[in-house]
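Kindly generate the complete structure, drawing on both the sequences and the hints.
Take a look at the letters that make up each chain.
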Amino acid sequence: GAVVSQHPSRVICKSGTSVKIECRSLDFQATTMFWYRQFPKQSLMLMATSNEGSKATYEQGVEKDKFLINHASLTLSTLTVTSAHPEDSSFYICSARDRTGITYGYTFGSGTRLTVV
Amino acid sequence: EDKVVQSPLSLVVHEGDTVTLNCSYEVTNFRSLLWYKQEKKAPTFLFMLTSSGIEKKSGRLSSILDKKELFSILNITATQTGDSAVYLCAVTNNSGGSNYKLTFGKGTLLTVNP
Chain A
561 GAVVSQHPSR VICKSGTSVK IECRSLDFQA TTMFWYRQFP KQSLMLMATS NEGSKATYEQ
621 GVEKDKFLIN HASLTLSTLT VTSAHPEDSS FYICSARDRT GITYGYTFGS GTRLTVV
Chain B
80 EDKVVQSPLS LVVHEGDTVT LNCSYEVTNF RSLLWYKQEK KAPTFLFMLT SSGIEKKSGR
140 LSSILDKKEL FSILNITATQ TGDSAVYLCA VTNNSGGSNY KLTFGKGTLL TVNP
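So the sequences go chain by chain: A and B.
Residue 561 is where the first sequence starts when you use the working numbering, and the numbers rise one by one after that.
Residue 80 is where the second sequence starts when you use the working numbering, and the numbers rise one by one after that.
By construction, these hints were calculated from the structure, which means they are not laboratory data.
Incorrect hints may have been included.
Distance condition first, Cα-Cα at most 27 Å in a straight line; then the derived BS3-like pairs of lysine-lysine [said to hold, decoys possible]:
#1 A/626 <-> B/120
#2 B/185 <-> B/136
#3 B/147 <-> B/135
#4 B/185 <-> B/116
#5 B/185 <-> A/601
#6 B/119 <-> A/574
#7 B/136 <-> B/116
#8 B/119 <-> B/136
#9 A/624 <-> B/82
#10 A/601 <-> B/119
#11 A/580 <-> A/601
#12 B/146 <-> B/185
#13 B/120 <-> B/135
#14 B/82 <-> A/601
#15 B/82 <-> B/120
#16 B/185 <-> A/624
#17 B/116 <-> B/146
#18 B/136 <-> B/120
#19 A/574 <-> B/120
#20 A/580 <-> B/119
#21 A/574 <-> A/626
#22 B/136 <-> B/82
#23 A/601 <-> B/120
#24 B/82 <-> B/135
#25 B/185 <-> A/626
#26 B/146 <-> B/136
#27 A/580 <-> B/120
#28 B/116 <-> A/601
#29 B/120 <-> A/624
#30 A/626 <-> A/601
#31 A/601 <-> A/624
#32 B/119 <-> B/82
Structure follows, in structure tokens:
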């Protein structure tokens, strides 16, 4: 079945530094990638949607200069949290959609727990 | 803006009990409703519902959609401790081209005690 590999699974970084999170689709072409953030006991909040080869579409209230998304190939999308602050500490998770929608369109990565100290 | 409300937010039961989880939604141009199970990390897909009144079933889990009343339920019979998880409900609409982004509810935290 469709698999999305996300790493790192956990990262601790200092305030002011940048962190890159990668999501790779292992056995299908991810034409669309969704990036979510989940706070404790909260729902998954969509941050942005990216299509391969084009700029990401950000949800209202999400700073595009802070959360840089690159979807340069059909198997790799990255989220870079720039100049991280403690309030950016959260669980980040990606979801890939393939062109055919065989997996009903959404295969999730395993998530990245980001802690900014 | 699409909205998904799940209830209850948390539930504690004993093994063998049957549970019903609720999901109500407000969606412009509804496309589908999906249920996921989230344990410690990634949500795993359970069901996708697009038509009213047709029950989807997988083992002890089943789900049904009512598009008139705008809600769905997820039933789990003969619960086991392994069913303990957060159950997420999400909807998609037909807007936004072919991206079909998911809007999630807050989830129901189910705890099954032995």
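Against the structure, the hints come out as follows:
Restraint check: the Cα-Cα separation between residue 626 of chain A and residue 120 of chain B comes to about 24 Å, which is no more than 27 Å; the hinted pair holds. Note on residue 185 of chain B and residue 136 of chain B: the hinted pairing holds, with a Cα-Cα distance of about 23 Å set against a maximum of 27 Å. Pair hint residue 147 of chain B plus residue 135 of chain B holds up; C-alpha atoms about 18 Å apart against a cutoff of 27 Å. For the given pair, residue 185 of chain B sits about 12 Å from residue 116 of chain B by alpha-carbon distance, which is consistent with the 27 Å threshold.
With a C-alpha separation of about 8 Å, the suggested pair residue 185 of chain B and residue 601 of chain A falls inside the 27 Å cut-off, and the hint holds. Proximity of residue 119 of chain B to residue 574 of chain A is assessed by CA-CA distance (about 25 Å); at most 27 Å being required, the pair is judged to hold. Between the alpha carbons of residue 136 of chain B and residue 116 of chain B the distance comes to roughly 15 Å, so the proposed pair stays at or under 27 Å and holds. Under the criterion of a C-alpha separation no larger than 27 Å, the hint pairing residue 119 of chain B with residue 136 of chain B is consistent with the structure, at around 24 Å.
With a C-alpha separation of about 24 Å, the suggested pair residue 624 of chain A and residue 82 of chain B falls inside the 27 Å cut-off, and the hint holds. As the CA atoms of residue 601 of chain A and residue 119 of chain B are separated by approximately 12 Å, the hinted pair is consistent with the 27 Å bound. Taken as a hint, the residue 580 of chain A and residue 601 of chain A pair is honoured in the structure, with Cα atoms around 24 Å apart against an allowance of 27 Å. The straight-line distance between the Cα atoms of residue 146 of chain B and residue 185 of chain B is roughly 20 Å, inside the 27 Å bound, and the hint therefore holds.
Distance hint between residue 120 of chain B and residue 135 of chain B is fulfilled; the C-alpha atoms sit about 25 Å from each other, no more than 27 Å. Using a Cα cut-off of 27 Å, the hinted pair residue 82 of chain B and residue 601 of chain A holds, with the two alpha carbons roughly 17 Å apart. Simply put, residue 82 of chain B and residue 120 of chain B have alpha-carbon atoms about 23 Å apart, close enough for the 27 Å limit, and the pair holds. A distance of roughly 25 Å separates the Cα atoms of residue 185 of chain B and residue 624 of chain A; the hinted pair therefore holds under the 27 Å criterion.
A distance of roughly 22 Å separates the Cα atoms of residue 116 of chain B and residue 146 of chain B; the hinted pair therefore holds under the 27 Å criterion. The straight-line distance between the Cα atoms of residue 136 of chain B and residue 120 of chain B is roughly 24 Å, inside the 27 Å bound, and the hint therefore holds. A hinted pair counts as satisfied when its Cα atoms are at most 27 Å apart, and residue 574 of chain A with residue 120 of chain B qualifies at roughly 24 Å. Only pairs whose Cα atoms come within 27 Å are accepted, and residue 580 of chain A paired with residue 119 of chain B is accepted, the gap being roughly 21 Å.
Using a Cα cut-off of 27 Å, the hinted pair residue 574 of chain A and residue 626 of chain A holds, with the two alpha carbons roughly 16 Å apart. Distance restraint check for residue 136 of chain B and residue 82 of chain B: the Cα-Cα separation of roughly 25 Å lies within the 27 Å cut-off, and the hinted pair is therefore satisfied. For a cut-off of 27 Å, the pair hint linking residue 601 of chain A to residue 120 of chain B stands: about 13 Å separates their Cα positions. Among the hinted pairs, residue 82 of chain B with residue 135 of chain B is consistent with the structure: their alpha-carbon atoms are about 23 Å apart, no more than 27 Å.
With a C-alpha separation of about 25 Å, the suggested pair residue 185 of chain B and residue 626 of chain A falls inside the 27 Å cut-off, and the hint holds. At most 27 Å may separate the alpha-carbon atoms for a hinted pair to count; residue 146 of chain B and residue 136 of chain B meet this at roughly 18 Å. As the CA atoms of residue 580 of chain A and residue 120 of chain B are separated by approximately 19 Å, the hinted pair is consistent with the 27 Å bound. Taken as a hint, the residue 116 of chain B and residue 601 of chain A pair is honoured in the structure, with Cα atoms around 14 Å apart against an allowance of 27 Å.
Proximity of residue 120 of chain B to residue 624 of chain A is assessed by CA-CA distance (about 25 Å); at most 27 Å being required, the pair is judged to hold. For the hint pairing residue 626 of chain A with residue 601 of chain A, the CA-to-CA distance comes to about 24 Å; that is within 27 Å, so the pair holds. Straight-line distance between C-alpha atoms of residue 601 of chain A and residue 624 of chain A comes to about 25 Å, which keeps the hinted pair within the 27 Å bound. With a C-alpha separation of about 25 Å, the suggested pairing of residue 119 of chain B with residue 82 of chain B holds against the 27 Å cut-off.
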